[in-house]
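Visitor: The lines below spell out each chain.
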Amino acid sequence: MTQLETRSSPATRQDSGGGHRRGGEWLFHAIGLLPGLLLIVAVVVFSLYFLVDLSLRDTTTYDMFGGEHVGLATIEDTLTSDATLTALKNSVIWIGGSVALIMLLGVPLGNLLSRETLPVRITRAFMLVPWVLPGIVVAAVWRWGLSSDTGFINDALVRVGLLDQGHPWLGDPETALWAVMAVMVWRLFTLVGLVIGAAIQTIDTAVEEAAAVDGASRWQLFFRIRIPMVSQHILTMALLTAIWVANNLVFVHAMTGGGPVDSTLILPVHIMELGFTDFDLSAAAVVSLVNVVLLLVFASLYFRASGLLRSGKGQN
Amino acid sequence: MATSTNTAPRRPARIVSPVRRRRAGAGVSRLGETLLCLAILGCVLLPVVWLLLLSVKPLGETYALPVQWWPQAPTFEAYRQVWFSEGVGAQWLRFLLNTSIVAVVVSVLTSGIGMYMGYVLARVAKRWVVGVLMLIIVVQLLEGPALVVPIYVLTHAIGLHDTLIGYMLALLVFMLPFGTLINYNYARTVPLELEEAGRIDGANRWQIFARIFVPLSRPGLITTGLMTFLLTWGEYPLSLILLESSSNHTVARGLYDLISGLNVYWNQMAAAAVIVSIPVLAVLILAQRYLVRGLMSGASKG
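Chains as they are written, first to last, in UniProt numbering: chain A, 1 to 316; chain B, 1 to 302.
This is chain A alone, in the form it adopts within the complex (with noise of 0.2 Å):
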């Protein structure tokens, strides 16, 4: 899915051109991208040094600039405090829940829309649906939704007789993560299942075809052939998924706020708190730059999954 590895070709041909070339090459190159790389290099830097800046201090949101310098003081303290380690631990099963549920579903949703039946041609025109509302559309609904005897979760539930009564699935410190978490499998395992069908549809059907005159069953055509042969997607939309959901704020933020007693409260809710609730600066980018370290071990991974490290070592 991602071929990020340069081309050599291009480069050899066109260093061929004329002398005389050369400069205007060189000058629609700097145009092309000085001026946005530099925007980003500027607003990233910036940012990571103020990050690492305010931990330093211990300030106020309306004094940003000011406050003295404690050293590690803040740090300490915010690492430390009971809210953070909650964070930490709920952003863990947050994450990791998701994407597995995420995958589990969307793997086999995958193997179903790759093929071409008019049931599934349907289907596959609506699995975009949850991924293209705004979120915060999302969060509404399913808020209402989720809510104890008037959503339809619910009354669903009930009709089925799976429930007795209506469960406040969000107002449940023992279910409020799960509920949200099951939000974001909505929203994003039908996104899932389209990438990896189209990437099955990919394989050459030779193969396939091969091992059913060998008498592969469909399910060891399944887990030894598909499922290898795509595994490469499989783990680059994982690694995605991780950082989608690592970055997802609003469905935690507008579904239940972090509540019940911190029960969903994840690191960008406890950002936003810190930061924009108690105005403690200094204590949101501490928990920031928390989250930006998992950001970046993410990034490491998703780099190593594309193959984008390697191709520039080959490259030479």
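In short, the hints are calculated from the structure, not lab data.
The beta-carbon is built from N, C-alpha and C at its ideal position, and this holds for glycine as well.
Heads up, some of the hints might be wrong.
Unchecked claim - Heads up, incomplete: computed chain B residues facing chain A, CB under 8 Å, no partners named:
1. Leu36
2. Leu41
3. Val139
4. Gly144
5. Leu176
6. Trp206
7. Trp266
8. Arg289
9. Tyr290
10. Leu291
11. Leu295
Stated by the list, open to error - Chain B regions said to be covered by chain A (calculated; three or more residues, Cβ under 8 Å):
12. 50-61
13. 65-73
14. 79-89
15. 118-126
16. 224-237
17. 252-258
Given chain A, work out where chain B should sit, using these hints.
Guide: Positioned in the frame of chain A, the structure of chain B alone reads:
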């Protein structure tokens, strides 16, 4: 000896053979397949249908027990209250206008600048390009809650806090990597021969880009523009912290305020959400193939 004669005729056949040819069934039977499809469609569409039905219920019915799925007395009252009543209506139209301005401006800039950057990166083919690509991907991954604190400080520092310009600039910084990556991947599929031909005909670098590459890269441009539109239309974290006065709010913030109050008028929420969702659903209906192409290109954002 036999290999050369065998492979020769097979090759064109493989190119012709359609990729989407029907596959040997792995997994379930036809009946199972149809039932599964129905279950999945139900799971995906149920909340959407529920939202639509909710928006045409009078307020009393939204709290009625037992739950009534079908509206007993359908009314467009909620739509009138949100979109056309005095005060509230003007406010929501303002949110819609702000969101449209932001989404359109950011999409146009991202696809235009992203196309140029992606093209240059695809054609330079030096070792440092890999470094630039990695930087771009990292920036793209960091976008979101992890950087809201420094972005908040930054917009204050340059005097653009609580302005749509500042908000659009912040979005552009985080969308540009995405636009660049999509166009980079796309530019690598455009054959060089056409550009070489232009060069031989005496076209300079700018002419080759503008007259040969740009027309060819329309699909990449459209994909970038549409996906950026979808992603900025519902953007949440930055809109919460960068836009404070209500005249600058976007629909995401408007909906958040609507559901986070003490008394939630769920039919009004639904009426607002339905209208807010129309543009993105229109993009999906009109341009699904571009979206799938974008998602498959690997330069994805969630």
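Visitor: Would you mind marking each hint as holding or not holding in the structure?
Guide: Status of the hints after comparison with the structure:
The beta carbon of Leu36 of chain B is positioned within 8 Å of a beta carbon in chain A (closest approach about 6 Å), and the interface hint is therefore held. Checking Leu41 of chain B against chain A: minimum C-beta separation of about 6 Å stays under 8 Å; hint holds. Given hint, Val139 of chain B at the interface with chain A, holds; its Cβ is 5 Å from that chain's nearest Cβ, closer than 8 Å. Interface hint at Gly144 of chain B: satisfied, since its Cβ lies 4 Å from the closest Cβ of chain A, which is below the 8 Å cut-off.
Interface hint at Leu176 of chain B: satisfied, since its Cβ lies 5 Å from the closest Cβ of chain A, which is below the 8 Å cut-off. The beta carbon of Trp206 of chain B is positioned within 8 Å of a beta carbon in chain A (closest approach about 6 Å), and the interface hint is therefore held. Because the beta carbon of Trp266 of chain B sits about 5 Å from the nearest beta carbon in chain A, less than 8 Å, this interface hint is met. Residue-level restraint check for Arg289 of chain B is violated (minimum Cβ-Cβ distance to chain A is 11 Å; threshold 8 Å).
The closest approach between the C-beta of Tyr290 of chain B and any C-beta of chain A is roughly 11 Å, which is over the 8 Å cut-off, so the hint fails. With its C-beta approaching chain A no nearer than about 6 Å, Leu291 of chain B sits inside the 8 Å limit, and its interface hint holds. Given hint, Leu295 of chain B at the interface with chain A, holds; its Cβ is 6 Å from that chain's nearest Cβ, closer than 8 Å. For the stretch 50-61 of chain B, the assignment as covered by chain A holds, since 3 residues bring a beta-carbon within under 8 Å of that chain's beta-carbons and 3 suffice.
Residues of the stretch 65-73 of chain B lying with their CB closer than 8 Å to a CB of chain A number 4, which satisfies the three-residue condition for coverage. With 0 residues having a beta carbon nearer than 8 Å to a beta carbon of chain A, the stretch 79-89 of chain B misses the requirement of three or more and the stated coverage is violated. With 8 residues having a beta carbon nearer than 8 Å to a beta carbon of chain A, the stretch 118-126 of chain B meets the requirement of three or more and the stated coverage holds. A stretch counts as covered by a chain when three or more of its residues have a beta carbon under 8 Å from one of that chain; for the stretch 224-237 of chain B and chain A the count is 5, and the coverage holds.
With 4 residues carrying a beta carbon less than 8 Å from a beta carbon of chain A, the stretch 252-258 of chain B meets the three-residue requirement, and the given coverage holds.
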